[in-house]
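Got chain C; can you put chain D on it based on the hints?
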Amino acid sequence: RKEVEQDPGPFNVPEGATVAFNCTYSNSASQSFFWYRQDCRKEPKLLMSVYSSGNEDGRFTAQLNRASQYISLLIRDSKLSDSATYLCVVAGTALIFGKGTTLSVSS
Amino acid sequence: GAGVSQSPSNKVTEKGKDVELRCDPISGHTALYWYRQSLGQGLEFLIYFQGNSAPDKSGLPSDRFSAERTGGSVSTLTIQRTQQEDSAVYLCASSLGGPEGELFFGEGSRLTVL
Numbered sequence: 001r002k003e004v005e006q007d008p009g010p011f012n013v014p015e016g017a018t019v020a021f022n023c024t025y026s027n028s029a030s031q032s033f034f035w036y037r038q039d040c041r042k043e044p045k046l047l048m049s050v051y052s053s054g055n056e057d058g059r060f061t062a063q064l065n066r067a068s069q070y071i072s073l074l075i076r077d078s079k080l081s082d083s084a085t086y087l088c089v090v091a092g093t094a095l096i097f098g099k100g101t102t103l104s105v106s107s
Numbered sequence: 001g002a003g004v005s006q007s008p009s010n011k012v013t014e015k016g017k018d019v020e021l022r023c024d025p026i027s028g029h030t031a032l033y034w035y036r037q038s039l040g041q042g043l044e045f046l047i048y049f050q051g052n053s054a055p056d057k058s059g060l061p062s063d064r065f066s067a068e069r070t071g072g073s074v075s076t077l078t079i080q081r082t083q084q085e086d087s088a089v090y091l092c093a094s095s096l097g098g099p100e101g102e103l104f105f106g107e108g109s110r111l112t113v114l
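These protein sequences, in sequence, are chains C and D.
If you're matching positions, the first sequence starts at 1 in my numbering and goes up one per residue.
If you're matching positions, the second sequence starts at 1 in my numbering and goes up one per residue.
Bound-form chain C, shown alone:
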């Protein structure tokens, strides 16, 4: 089993849609979790951390289920500017990235 697994997509949605991405991780000792965003041909940037109680940042909601070793990201009211690749990141001894899920939002 890979350390961090994500559905690669692509997810093609219209503006205003709600879309959810999932991620599973294999290291049960992992303590910190993040979602990063990577635009085409650009470096990744932190979107949000993921906390055990779940957390929200505007239109973005992140959830963590430690028992199932599962992380999710929900994007509400999608905008064209949300089009990017979303990377699930899990911290063990180092930060391990999933391969990313590609989102394309169209008008």
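Check each hint, because a few of them may be wrong.
Examples of chain C residues toward chain D, derived with CB under 8 Å [to be verified]:
#, residue
1, LEU46
2, SER53
3, ARG59
4, ILE96
Hints are computed from structural coordinates only; laboratory data are not their basis.
Beta carbons are placed, not taken as given, at the ideal position from N, Cα and C, and that holds for glycine.
The following block gives chain D in isolation, referenced to the frame of chain C:
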């Protein structure tokens, strides 16, 4: 500048040559990471430094790859006897603390091995 700086931004080399990639992290950041990203692929972890020591070298793909960090700042990634499969973008990132900190990435060094 205030960000992570990497050089060269582009490097084209012939198979069998050695290459050296440099990363200058954000001042004061103790953690430094190297990743590589092949076209259309995810980030592959290579090595992580905390200060000058490397707690995790597990991602280095072969003994042709090595990295060092001196003075708790600049890091170099060296690839000996390059192969075509080494072609990728090599990304460096730094953070204030350990793995729980936000990573700030450089723009990467694009390596092409002919």
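Structure versus earlier hints - violations, ascending order
Checked against the structure, the hints that fail are numbers 2 and 3, while the rest are satisfied.
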